[in-house]
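J.: The chain contents come next:
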Amino acid sequence: KAGVTQTPRYLIKTRGQQVTLSCSPISGHRSVSWYQQTPGQGLQFLFEYFSETQRNKGNFPGRFSGRQFSNSRSEMNVSTLELGDSALYLCASSLEPGRGDQPQHFGDGTRLSIL
Amino acid sequence: GDSVTQMEGPVTLSEEAFLTINCTYTATGYPSLFWYVQYPGEGLQLLLKATKADDKGSNKGFEATYRKETTSFHLEKGSVQVSDSAVYFCALSDQGQGGKLIFGQGTELSVKP
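Protein sequences, first through last, are from chains B and H. 1 is the number of the first residue of the first sequence in our numbering; add one for each residue after it. 1001 is the number of the first residue of the second sequence in our numbering; add one for each residue after it.
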């Protein structure tokens, strides 16, 4: 069974640009969550989607947005990039949200560098 | 709000030594608890989980017991190997917050031959 697939693996952008990251969940998983990982702040929750609806959102500015498609694939978008947006962005999927017995499985992430 | 606190790293051990990584949490509800591991250049892999008090999660020689009375979920392994070198994250998922995971700051483990 294929795992969570994130594309691209690496991305270099400059300040002010925008970027779109993609995530394909494990087959059959309908919940997708996104996290930002930085050395200073650690792992922080961005948002969660289930059945194409955003169910939960972390404490990030409106420049960070996402969506989920009918096939459960998800994208996240960051507009007007800032140097502080440099991070590893991780996507995780699960069968349903909020079920402790159905833990989230993570992709290898997209490493975003802002110049 | 909910939070997770892990012992600070890095932790350096010799091969076959005993490992303990402390994790304590605060939560308003009845959380599920997890340990994830991250190898260099990779995402997070689920190591083990526990969904209710007194549950013991175990996998690949690692164990952790959900202790509600001490709000702890310490990770242990009896004999570590060089291949266990990685960063370990304790996390919780609280009822009513969907699938949102709250992570500790991570503990880097280095095992020397």
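Be a bit skeptical, because a hint or two may be false.
[Claimed, not checked] Take a look, some chain B residues computed to stay more than 10 Å from chain H by CB distance: (1) LEU11; (2) GLY16; (3) GLN18; (4) ILE26; (5) LEU43; (6) GLY62; (7) GLU82; (8) LEU90; (9) PHE106.
[To be verified] Capping the alpha-carbon separation at 25 Å, the derived lysine to aspartate or glutamate pairs in DMTMM-like fashion look like this: (10) LYS1052(H) x GLU1015(H); (11) LYS1052(H) x ASP101(B); (12) LYS1068(H) x ASP101(B); (13) LYS1056(H) x GLU1076(H); (14) LYS1060(H) x GLU82(B); (15) LYS1052(H) x ASP108(B); (16) LYS57(B) x ASP1002(H).
If you're looking for bench data, these hints aren't it; they were derived computationally from the structure. Glycine included, C-beta positions come from ideal geometry on N, C-alpha and C.
J.: Indicate, hint by hint, whether the structure satisfies it.
T.: Hint by hint, here is what the structure shows:
The claim that LEU11(B) lies off the interface holds: its Cβ sits roughly 15 Å from the closest Cβ of chain H, which is beyond the 10 Å cut-off. Residue placement check: GLY16(B) keeps its beta carbon more than 10 Å from all beta carbons of chain H (closest about 28 Å). The beta carbon of GLN18(B) sits about 24 Å from the closest Cβ of chain H, which is more than 10 Å, so the claim that it is off the interface holds. Distance check on ILE26(B): its Cβ is at least 12 Å (rounded) from any Cβ of chain H, clearing the 10 Å threshold; non-interface status holds.
Distance check for LEU43(B) against chain H: the nearest CB is about 4 Å away, which does not clear 10 Å, and the non-interface claim fails. For GLY62(B), the non-interface assignment is confirmed: its Cβ lies about 19 Å from the closest Cβ of chain H, beyond the 10 Å cut-off. At the 10 Å boundary, the C-beta of GLU82(B) stays outside the reach of chain H, the nearest C-beta of that chain being 23 Å off. Not every beta carbon of chain H lies more than 10 Å from that of LEU90(B), the smallest distance being close to 6 Å; the non-interface claim is violated.
For PHE106(B), the condition that its CB be more than 10 Å from all CB atoms of chain H is violated, with the nearest at approximately 4 Å. Restraint check for LYS1052(H) and GLU1015(H): not satisfied, since their Cα atoms lie roughly 32 Å apart, outside the 25 Å limit. With a CA separation close to 10 Å, the supplied pair LYS1052(H) and ASP101(B) stays within the 25 Å bound. Straight-line distance between C-alpha atoms of LYS1068(H) and ASP101(B) comes to about 18 Å, which keeps the hinted pair within the 25 Å bound.
Our distance criterion of 25 Å between C-alpha atoms is met by LYS1056(H) and GLU1076(H), whose separation comes to about 11 Å. For the proposed pair LYS1060(H) and GLU82(B), the alpha carbon gap of about 41 Å is over 25 Å, so the pair is violated. Restraint check: the Cα-Cα separation between LYS1052(H) and ASP108(B) comes to about 29 Å, which exceeds 25 Å; the hinted pair is violated. Between LYS57(B) and ASP1002(H), the direct Cα distance comes to roughly 15 Å. Compliance with the 25 Å bound is thereby established for this hinted pair.
In this structure, the hints that do not hold are numbers 5, 8, 9, 10, 14 and 15, in rising order.
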